[in-house]
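**Student:** What follows is each chain in one-letter form.
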Amino acid sequence: MQENFWRKLLRELTNVLLTVAALLALWEAAARLHLYDVSFFPPPSADANALFSSVKSGELISDTWMSLRRALVGFIAGSCVGAAAGILTGRLRIVDSTLGQVIRVLRSIPTIALVPLAIVWFGLGETSKYLLVFWGVFFPVWVSSHIGAAQVDQTFIWAARSLGANTWRLLCEVILPGAAPHIIGGMRTGIATAFVVLMAAEMTGAFGGLGYRIYVSHLVFRVDKMVVDIVVLGAIGALTDVVFASIISLIPWSPESAKRI
Amino acid sequence: MVKSCNEPIIVRDLVVIYGKDASATVAVQDLNLRILPGEFVCLLGTTGCGKSTILNVMAGFVQPTRGSVSVGNRLVVSPGPERGVVFQQHSLFPWKTVRGNVEFGLRMRGVPREQRRAVTERYMRSVGLIGSERAYPSTLSGGMQQRVGLVRALANDPSFVLMDEPFGSLDAQTRLMMQELLLQIWDEAEKTVVFVTHDVDEAIFLADRIVVLTARPATVKEEVAVTLPRPRSYEIVTSAKYVDLKKSLLELIREETLKSMNSRAR
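Taken in order, these protein sequences are the chains called A and B. For the first sequence, the positions run 48 to 308 when my numbering is used. For the second sequence, the positions run 13 to 278 when my numbering is used.
Any given hint could be a false lead.
Below are the DMTMM-like pairs computed for lysine to aspartate or glutamate, each with C-alpha atoms no more than 20 Å apart in a straight line [claimed, not checked]:
(1) B:K108 - A:D84
(2) B:K108 - A:E59
(3) B:K259 - B:E202
(4) B:K233 - B:D213
(5) B:K258 - B:D220
(6) B:K108 - A:E303
Away from chain B, derived, C-beta distances all over 12 Å, residues of chain A [claimed, not checked]:
(7) A78
(8) V128
(9) Y262
(10) G284
Covered by chain B, per the in silico footprint, the following chain A stretches (three or more residues, Cβ under 8 Å) [said to hold, decoys possible]:
(11) 92 to 103
(12) 221 to 227
These aren't lab readings, by the way, just hints derived from the structure by calculation. Since the model is a prediction, treat every value here as computed from it, not as a measurement. Ideal Cβ positions, reconstructed from N, Cα and C, are used throughout, including at glycine.
Model the full structure from these sequences, guided by the hints.
**Tutor:** This is the structure in structure tokens:
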């Protein structure tokens, strides 16, 4: 089973790489034949050049690191608080009818609408970025954790209770593992949201990071540099998504429907 | 570890009503029952009669609307490790290995690892599951899963074992094996067993006493002592005593089944 998993991953990866390579070749050919205005859409060779110079100057590394750190700090905090809140609202009616209702109202606010407010309150520094990402990650993780915790089979809880589990052991050994596939599914949505929110935050007010760099490159019409940073973002997104999908499919008690995609 | 229990389970004027007002369902009505220490009692009733509800109240999962269940002179208000439960669907924790499941109760009580291993091994051996300790429940057959479920409840050394149609989903051959296994374990462990079933043969084969329940709402229709000698094996099903008993029980159950069919038709 383990073997199959890796073989399948390798095959899928090869297919994707071949497809991408073919598309890039077509694109390069179209540019060389002057089929369109190259300055608006620089061909792969020009983008590769921009990539090299950006790596050489250290700019790309520092921007990527800056964005990654912001995304990760906010993501980890948002996931922890979201999961904890979801388990509480999913299991305790009293918490759900109070805190849960507040969360439901706040959830309907698009996070990006809060970017200017966060800057006013917390400035242009890291705090506003962390908090915005936290806010963006919290809700998807909360929703999934709530559902996951609420649907833990009653007989599991009864079984644990009749075997002498106290509330704490019940939480750690039954509800948490029972809800885990859902919680991780929520984190998978959350990490994608983290980057969406972070880009908006960095483009609005920051002194570094991939979103900031894309915005600055836009102002000076360096499409090649924009493309490089966008590709890096795409790669990070794809990688994190694969990681979370793999975790979900490797959990033996994940529902079959969650293992696909 | 063998612990003889010497307290009865006493059910007094038990009433359980689910829901409220118009949608209320009376599941159990004025049920009185006394289960003696060391006894093997089967609650025999038609499907949906409320027999599982009675067991759930004994386990402490469901609160009585009126009346009470007590063990000795202590009122049952919540689940407790002295009352082990074997569920209809095995309900093994899918995130724990077989060993993790079997050791769960001992771990909750803080029994040290070495001792847990010893107890687990003894029980795993008694049900022929040595070698599957590291397997996850989903990889086992239905019969094996139910055996692990039984062992999980027993390893915690409860005085009472409450069983809710535990063999209902097994095929006929596996069910018979499980019944024989259960009797063998019960014989050695001196536990009080309350076993819920709708299967007349199963009830006769296992029980000291069969409590026949009415169609919903469940209450005691008749109590029948099973005086067949022990140890029992599958051969008793052809004995004259067995056949007589079965005939009278089938009659009783048939009446209730008809009643519940008629009430549903209306």
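**Student:** Work down the list of hints and note, for each, if the structure agrees.
**Tutor:** Hint check:
1. B:K108 - A:D84: Violated. K108 (chain B) to D84 (chain A) sits at ~61 Å, over the 20 Å cutoff.
2. B:K108 - A:E59: Violated - the C-alpha atoms of E59 (chain A) and K108 (chain B) are around 32 Å apart, more than 20 Å.
3. B:K259 - B:E202: violated, 30 Å
4. B:K233 - B:D213: It holds: about 18 Å lies between the C-alpha atoms, which stays within 20 Å.
5. B:K258 - B:D220: The hint holds at about 14 Å.
6. B:K108 - A:E303: Satisfied, since the Cα-Cα distance of roughly 18 Å is no more than 20 Å.
7. A78: Holds, since 53 Å exceeds 12 Å.
8. V128: The claim holds: V128 (chain A) sits with its nearest Cβ about 23 Å from chain B, beyond 12 Å.
9. Y262: holds, 45 Å
10. G284: About 29 Å separates G284 (chain A) from the closest Cβ of chain B, which puts it past 12 Å; holds.
11. 92 to 103: It is violated, with 0 qualifying residues against the three required.
12. 221 to 227: Since three or more residues must qualify, the claim that chain B covers the region 221 to 227 of chain A holds, with 4 doing so at under 8 Å.
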